[in-house]
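Given chain F's structure and the hints, the job is docking chain A onto it.
Residue numbers (UniProt numbering), protein chains in the order written: chain F, 1 to 633; chain A, 1 to 633.
In short, the hints are calculated from the structure, not lab data. Honestly, I wouldn't trust all of these hints.
Same chains, same names: a pair is fine if it fits in one copy or spans any two.
As the list claims (entries may be wrong) - Cross-link-like lysine-lysine pairs, in silico, DSBU-like; alpha carbons within 30 Å at most: (1) 25 / 145; (2) 611 / 273; (3) 537 / 25; (4) 150 / 611; (5) 618 / 304.
Just so it is clear, the structure is predicted and the values come from calculations on it, not from any experiment.
2 protein chains.
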Amino acid sequence: MAESWSFLDAFEPDFRPLVVIELAKGTKEETIQWFTDRIVDKKGNGGAQLLVKPLVTENGNENIYLVGASHLRLLLGAETVGLVKECNDNSMRTFTYSSRKTFKDFADDNHNFLTVAECQYIIKHELENLRAKDEKMIPGYPQAKLYPGKSIVRRLLTSGILVQIFPLHDREELKKLRHSWYGRVKVGYQPLDEIRCYFGETIALYFGFLEYFTFALIPMAVIGIPYYVFAWEDYDKYVMFATFNLLWSTVILEVWKRICAIMTYRWGTLLMKRQFEEPRPGFHGALGINPVTGREEPVYSSIKRQIRIYLVSLPFVCLCLYFSLYVMMIYFDLEQWALDYHEENESNFSNLMLFVPSIIYAVVIEIMNRIYRYAAEFLTSWENHRLESSYQNHLILKVLVFNFLNCFASLFYIAFVLFDMKLLRQSLATLLITSQILNQFAESLLPYWLQRRHKKRMKKHMSSLKTDTDLSLVEQVNLEKEMGTYFGTFDDYLELFLQFGYVSLFSCVYPLAAVFAVLNNITEIYSDALKMCRVYKRPFAEPTANIGVWQLAFETMSVISVVTNCILIGMSPQVNALFPDSKMDLILTVALVEHLLLAIKFIMAFVIPDKPREIQIKLAKLEFESLEALKQQ
Amino acid sequence: MAESWSFLDAFEPDFRPLVVIELAKGTKEETIQWFTDRIVDKKGNGGAQLLVKPLVTENGNENIYLVGASHLRLLLGAETVGLVKECNDNSMRTFTYSSRKTFKDFADDNHNFLTVAECQYIIKHELENLRAKDEKMIPGYPQAKLYPGKSIVRRLLTSGILVQIFPLHDREELKKLRHSWYGRVKVGYQPLDEIRCYFGETIALYFGFLEYFTFALIPMAVIGIPYYVFAWEDYDKYVMFATFNLLWSTVILEVWKRICAIMTYRWGTLLMKRQFEEPRPGFHGALGINPVTGREEPVYSSIKRQIRIYLVSLPFVCLCLYFSLYVMMIYFDLEQWALDYHEENESNFSNLMLFVPSIIYAVVIEIMNRIYRYAAEFLTSWENHRLESSYQNHLILKVLVFNFLNCFASLFYIAFVLFDMKLLRQSLATLLITSQILNQFAESLLPYWLQRRHKKRMKKHMSSLKTDTDLSLVEQVNLEKEMGTYFGTFDDYLELFLQFGYVSLFSCVYPLAAVFAVLNNITEIYSDALKMCRVYKRPFAEPTANIGVWQLAFETMSVISVVTNCILIGMSPQVNALFPDSKMDLILTVALVEHLLLAIKFIMAFVIPDKPREIQIKLAKLEFESLEALKQQ
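Bound conformation, chain F alone (with noise of 0.2 Å):
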């Protein structure tokens, strides 16, 4: 393998080459050479003070460059990051450089005290923060305008000189993980620290959540299962199921809070500091002092943005929304067709065209699912948001109500308008399970498969995967930057939603949901993981101290499906059986339930404390030695 070694050689014999930088073919020389020198250049000179290596294959300089960093440089680093580790008294406190002596497991010659996810964020987080000094442009690029203070790879990533930057694989490592992750059939909990340590906290969280979500789903699961055995139509049995449901789903919500709080004091994440936001790659405006910071950046008047949201993407959803109200009364046309059709022609056939429709409805709601997904990414992006977490936000925001729907509205309309239970049971268990396969056959299967392909077509000869870790760190580089890139966490969460929807909102009539919704969850921890470690890109660890706005979604879907289940029990011919003289009393009873369970719902997520007793203690340690050593400066 021939390598040129950067003029860093030198200094750094033991080089380790933690993150990609593609270039665009053809950048100009004078480009590179001032982005390299301002990468390695002296933090003092504001530069990065990393490691540069360019990456030289048999057809010569493909424009990739490898960068690394010294050990010391990533200590500086995690301390800029503001990362927290545990200390040798076992309390978690933000590493210092000065203090590094008190944490655990930190020797100068432990080159693991860092995770290589944790190096990979902070070189990912330094070349970030790589700014403009005095330039106009970037070198060469005279329409690729510089300011001072501008974040040089954003502007970069946006002009199209920089292709990508990405962390490398570690394949020892991933062989590790996959290994204790899904190598072998077990029954467990997946390895989430290890996890946590490979991929980083937003994703390792992901998968915390997936798999809490289908341990919670088993009791559940489990009451649902007599239902269908037994086809238990009492209204006793239905109601006693049902409130059942809707206390648990507030108790799993809370408790969630809790275990998520437990997880991320141990990661560290609970207690690190929020970094101030820098504005999101893809914000523009004309150049003005942000109030905040007093530098020169782009600004974007706020009016002009409310304007964009409420007259432009509103009305936009909204039609969206009738579309897809529209796409759903031909839904129920095609199926009055097929009702029809199969009365007429009593065969196999017919009865197999009577699904036909479900399947079809399910399928078109995919694709508009995604479609209209596109539409609010550039919606979205087109309202100019300052901050990504305000644009993620709101594009969630689009997403969600859209996704709501889209997956409900028929599920509504057959149980409030026409009054089908029958239908209703039948097209959920349609939409459900149809929805999942499609899901994990677009999410994981279709990529894995045409990641194989690529693989092959690559023409490296090797026969079986085991022999990945003898791949040689160009032929490494070359497979990965083809990979697909892991979006976030944003469909993943999406279809958990969806799933909690389907099983929640009309758990008193399809109790069998929740077993589907079991089954489905043990495969997609599987598919899921499976998609991580070999379909995509390794992505930058993200720390996140909680699964933020899905807990939102999540709560307000358990809101909804009170008030969804009453109505259903309400209807229920067994209830209506209780109340043979009055209707009003029937719906005057239902209506108290309601309340009432909305109630107990609040008051319960109310009392039950969002941290748990050791974690608050310990917390409250941590604030009382910080107020304690203000006290004594």
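Frame of chain F; chain A shown alone:
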């Protein structure tokens, strides 16, 4: 006036008495010596480094001591308690002695940089933080045990040696404040900034809320008047009024958060860091190690407390609620009896008799509320909460639930069991007006009258109140130590909370309630102001950033009022006439509207930002600066 100056005279000729300490009669000389020594001792020796002087009257030393502090000592104390002050560049920053020159209005000879209320708060904080070193007990009182770190003042208070500590009124300042607050008849805002300077943030925030709430009620009152004047009974007008009320109450509560943020930002408390909370004075338990501080202090098992809460307090509260409902049923019997009497012997007297049950009930309710309040205080104290804040929350919860039931149960019964709208309107009016009159009397006028009588009994021949400022210090202290103690804003907020209930819960039945509330609140501002300035001892200032749990209480009330108003409208004959065929459609429509209104409320609460953009930017700026400062280190 014969006064013996303490040994500190020599250093501090301009001793300004700020806080009064009253010890029990007959306190041992040895104890007094030890206590005053500790107060004046140097910080380094574990003292408070304050100034102390005994107050000697014509009857000799009455165990009353005046506490003051040097200017420098107060500035250092301001840093300790973390006061936030305005800088020369108009930003708010935490005061530190080293950066004192950057603060607005700071000059070494300007003794008004800190307000008197702030100085008194600092002295209180320093006295409460005077901690035992190696003393095992209070000298002279072997039964009053001490352990290292125990607050001396709190032990002195619980063992009865220390009768009270209170800040002195500032006659000059008070006169000015009284003049601008309620001294002249004028239409305008209260001088909230001056109130804050004199009484501190908690009290100023209460008056701010009272004023804001009164203004916010005006639109409801204005819209309500024509309903009374023209006796509008059309359903559409009622629906409009109720809908307006429901959305309006959401808006005013959300807008209050913003106004509160603007005020507390200006006062600096929005930015003040929370201090570590010490155990409340009444807290007791076996000596153990606090897991947070690692210090020796009483510990009390959380499980024991839970048992007391759930097995004693909860059943007791339920019993009281049952008793309250029982009393209500007696009231309805009385009401029926009065009605029968009126029908049998119709006369002016019998006409008057019709109002008697309501008035008796209103009086009984007030008495029950007050008795229950003592029981709740006793129980909550017996629950042995470690923190004052947790004690307060449990107390507020207990009192709120009982008061809510006590005040509104009869109205709910009339509205939703008797379906008697005429009686509802009449009861509402009687309850509202009686409770307002009773409150104003019991809260301010009665204590004011007692206070005046006491003053007269002191046989100081003051011809009029205008000569107050001519009182000698001895006379002033003797007068003020006998004044009642203001126990915080609890009762004042509770009164507003119940008033909000009267106005919003049944607003569509009695639109005039808002008018009475506005009228009451205008006099309430004056009577509360009178109470603060003339009836009670000056209270210690308490920094606070918001109205805390009351925000939640008001929001809950506004949610409940959506439900009650929707039901009331659904029950009105006008709306019933719209659905002549089917009661079911009517109820379903009402339920749908109710859910829509609730959804709109929650969305509005979510969409309206809690802090104005301007304050958000200022807070972000401070956070950014502190992050930048950390990076520089």
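When no copy is named, should residue 611 and residue 273 be tagged within, between, both, or neither for a Cα gap of at most 30 Å? both (18 Å within a copy, 21 Å between copies)
Between copies, within a copy, both or neither: which fits residue 25 and residue 145 at Cα up to 30 Å? The answer is within: 21 Å in one copy meets 30 Å, while 81 Å across copies does not.
Identical-chain pair category, residue 537 with residue 25, by Cα at 30 Å: within (20 Å within a copy, 80 Å between copies)
How do residue 618 and residue 304 come out at 30 Å by Cα distance, when the copy is not named: within, between, both, or neither? Between copies only: 22 Å across, 45 Å inside.
Same-copy or cross-copy closeness of residue 150 to residue 611 [CA-CA at most 30 Å]: between (39 Å within a copy, 29 Å between copies)
Of the numbered hints stated above, none is contradicted by the structure.
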